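Engineer: Now for the letters of each chain:
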Amino acid sequence: GQQLNQSPQSMFIQEGEDVSMNCTSSSIFNTWLWYKQDPGEGPVLLIALYKAGELTSNGRLTAQFGITRKDSFLNISASIPSDVGIYFCAGRGGSNYKLTFGKGTLLTVNP
Amino acid sequence: DVKVTQSSRYLVKRTGEKVFLECVQDMDHENMFWYRQDPGLGLRLIYFSYDVKMKEKGDIPEGYSVSREKKERFSLILESASTNQTSMYLCASSFRGPGELFFGEGSRLTVL
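One line per chain: the protein sequences are D and L, in this order. Each position in the first sequence, counted from 1, maps to that position plus 73 in the working numbering. Each position in the second sequence, counted from 1, maps to that position plus 1 in the working numbering.
Please keep in mind that the hints were generated in silico from the structure rather than gathered at the bench. Predicted model only: the values in this text are computed from it and were never measured. Do not rely on the hints blindly, as some may be mistaken.
Claimed, not checked - Distance windows between CB atoms, simulated:
1) D:E88 <-> L:S83: 39 to 45 Å
2) L:R10 <-> D:F85: 35 to 41 Å
3) D:I140 <-> L:I78: 29 to 35 Å
4) D:T135 <-> L:D29: 29 to 35 Å
5) D:N183 <-> L:D29: 27 to 33 Å
6) L:T84 <-> D:I140: 44 to 50 Å
C-beta: ideal position from N, C-alpha, C; glycine also.
Extracted from the complex, chain D is given alone in its bound form:
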């Protein structure tokens, strides 16, 4: 089946620093989604990408759909304490229904 590798698994950064995380796939995807999950809550959609090469921003967050269609990255600029949480990538290939999820990146921001 499709597999997603998300890295890094965890990050500890100082407030104000920029953050970058990425996902790579063993197969081609036609949709990439990035989610954030706060402790004890469900994941919340941050950014959706539908086209190879697409670069999309949502406030301080920027995500890109890789040209090869096998990767995506998420950048957070000028991190703040409320950025703390788990960030998941998810990709969809041939099926219209099923997403494949990365294992998540745990972000800790020290004030």
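Since chain D is already given, all that's left is putting chain L on it; use the hints.
Structural biologist: Quick look at chain L alone, frame taken from chain D:
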């Protein structure tokens, strides 16, 4: 805003009990999903439904069943709960096609 509502945030059940987890969405989405989330294992798909009364097995359907009698409601059933079903359960919904998946707040189930 899309709203996916899960009936219980926290449940504690005993081994062998029948457990119902309910999920309702208010955006007329065709697709609905049940995932479980465990540390180190990420999100794993249990079952999904792409229409009323339709269901398909996900990656880990054993020990679970589902029911979709109405478009807005998707129920997950544990016929006989076991301790290895202690987990966070997440319901999600989406429109048909390559759209975004919207999640509920999650139901944390503990089976003693």
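Engineer: All the hints need checking, so say for each whether the structure fits it.
Structural biologist: Against the structure, the hints:
no., hint, result
1, D:E88 <-> L:S83: 39 to 45 Å, "44 Å, holds"
2, L:R10 <-> D:F85: 35 to 41 Å, "29 Å, violated"
3, D:I140 <-> L:I78: 29 to 35 Å, "44 Å, violated"
4, D:T135 <-> L:D29: 29 to 35 Å, "31 Å, holds"
5, D:N183 <-> L:D29: 27 to 33 Å, "43 Å, violated"
6, L:T84 <-> D:I140: 44 to 50 Å, "46 Å, holds"
Of the numbered hints listed earlier, those contradicted by the structure are 2, 3, 5.
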